[in-house]
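Start from chain U and add chain W according to the hints.
Respectively, the protein sequence lines represent chains U and W. Heads up: the first sequence is residues 664 to 943, going by my numbering. Heads up: the second sequence is residues 664 to 943, going by my numbering.
Everything labelled a hint here was simulated from the structure, so no lab data went into it. Model, not experiment: these values are computed from the prediction. Any given hint could be a false lead.
When chains are identical, the list treats them as one kind, so a pair holds in a single copy or across two.
[What the hints assert, rightly or not] Here are the simulated DSS-like cross-link-like pairs (lysine-lysine), alpha carbons at most 30 angstroms apart as the crow flies:
no., residue 1, residue 2
1, Lys668, Lys779
2, Lys882, Lys779
3, Lys779, Lys934
4, Lys882, Lys934
Protein chains: 2
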Amino acid sequence: MRDLKDHPELCAINTATLGFTQPLEAVIDAIARHGFGGLAPWRREVEGQDVAAIARRIKDAGLKVTGYCRSTFIPAATTQELRANIDANKRAIEDAAILGAENFVMVVGGLASGSKDVGSARRQVAEATSELVAHGRRHGVKIALEPLHPVYAADRSCLSTIDEALDLCDSIGPSANAMLGVCLDVYHIWWDPYLERAIQRANGRILGFHVCDWLLKTKDVLNDRGMMGDGVIDIPAIRAMAERAGYRGLIEVEIFSSGDWWTRPIDETLKVCRERLDCC
Amino acid sequence: MRDLKDHPELCAINTATLGFTQPLEAVIDAIARHGFGGLAPWRREVEGQDVAAIARRIKDAGLKVTGYCRSTFIPAATTQELRANIDANKRAIEDAAILGAENFVMVVGGLASGSKDVGSARRQVAEATSELVAHGRRHGVKIALEPLHPVYAADRSCLSTIDEALDLCDSIGPSANAMLGVCLDVYHIWWDPYLERAIQRANGRILGFHVCDWLLKTKDVLNDRGMMGDGVIDIPAIRAMAERAGYRGLIEVEIFSSGDWWTRPIDETLKVCRERLDCC
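Isolated chain U, as found in the complex:
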């Protein structure tokens, strides 16, 4: 397993970790200044801007773009709404191409508004993903399906486990190979009783690896995620599984923490992120 200690260049910062309190330009510079190797920007920071200029700024700072975050939720109550969701994702994939992102991160969405039919939501996601993979191929952008913790099944992601994501990849067929894979976030997967088997199965298809921590006394399952080392996840054990399964990409820090890390100066958060690579 790679040694991350004093190797921030092997790591990326997901800009959500810094709470979107600064302009992207300042965020890019700070991430580079702290020695990290890349970043994962969000559409809210990019759309409506000069995307090529952002791409240049990132490149000039010596940073890679890991995942471009993230898909518009897919499931919809009407075909019109479903089409709009897919089209929004196509435009985002085009921006991902301009950014030179290694992949476009898909958080697929939960139930359609007013629906209790999780099977229907999953079918919509499968069909949309197939179309988006084709669009990604045209633009040279890989699609990274990110299974989210089952606590979000209703409102954020009906795709809940690694196995389910791999089944979806398989269902799209061999034509998707090399352009479709999974993004693993320890927060979402650590509890899985079949984790090691599932990560092994993902061999060669792991496109991203996110770290943060699960706080024992989580106050808010969305926005009270912990800094690595402050929670209960055995992150090194999971990273070892991913690296045994061939993952060699950047280790990306993504912490949603409205009550704690987002309230601190970004330089402090970045400093602690770097120190806590020891816990990864």
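Using the frame of chain U, we list chain W on its own:
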């Protein structure tokens, strides 16, 4: 599938649904008065009391006891603590026998204090379960493993899926047959992408079936569970799966709802529970 409408006798009330605001005797009488067929009492209502007298009171009210709730969490940081946890459960199993409970519900516990080793917690649970099944057999009490939603993996249950629970049953071996099975709660399992397959696999081993609902805007994953019909779970679809897998026991209403249902008079909560059998 059985028709529950106007058939409260096919249903049981888990006493937690009523918020423990009344003495057990009043709770027993109210549940019977509303026409339900059984109840699931908690140890906090039973231990230190005359258990045989409680059993008589329940029987005289014409009610069955479904599950006896619930196990002391198993995983422990020391062998002494682990032994104490197992022994506490043995005593509870003896009370379950006196109550004539159909099973003893095991919520297995999360990580041991200070631990990040979920594998170790699972091994402790497996060993303890084996011992408790043997104890249950001696006392004529079945053990019902209840997988809890993965959101509780850290602090309440490292047993998170039906498949994991069935694997644990299988690992204990054929000697456990007929004395060990699973308790399914729609709140904990609805998100599972492999739900239908897992429930089918549980054929003949489903010892309990719990209903409540997952509120789309859940404020607290422990104590903000919804009344059936108020959330996003397709309860009839899941009950149909369980009944196709041979389940013929009572349908048990268990709602943890500190901010809503627990604040209401128990007669009101019971009345609404009965009405909402339509949604099950």
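Structure-based check of all given hints:
1. Lys668 to Lys779: between (46 angstroms within a copy, 20 angstroms between copies)
2. Lys882 to Lys779: both (26 angstroms within a copy, 19 angstroms between copies)
3. Lys779 to Lys934: So lysine 779 and lysine 934 pass the 30 angstroms test across copies only (24 angstroms; inside, 44 angstroms).
4. Lys882 to Lys934: within (24 angstroms within a copy, 33 angstroms between copies)
Hint check: no violations occur; every hint is consistent with the structure.
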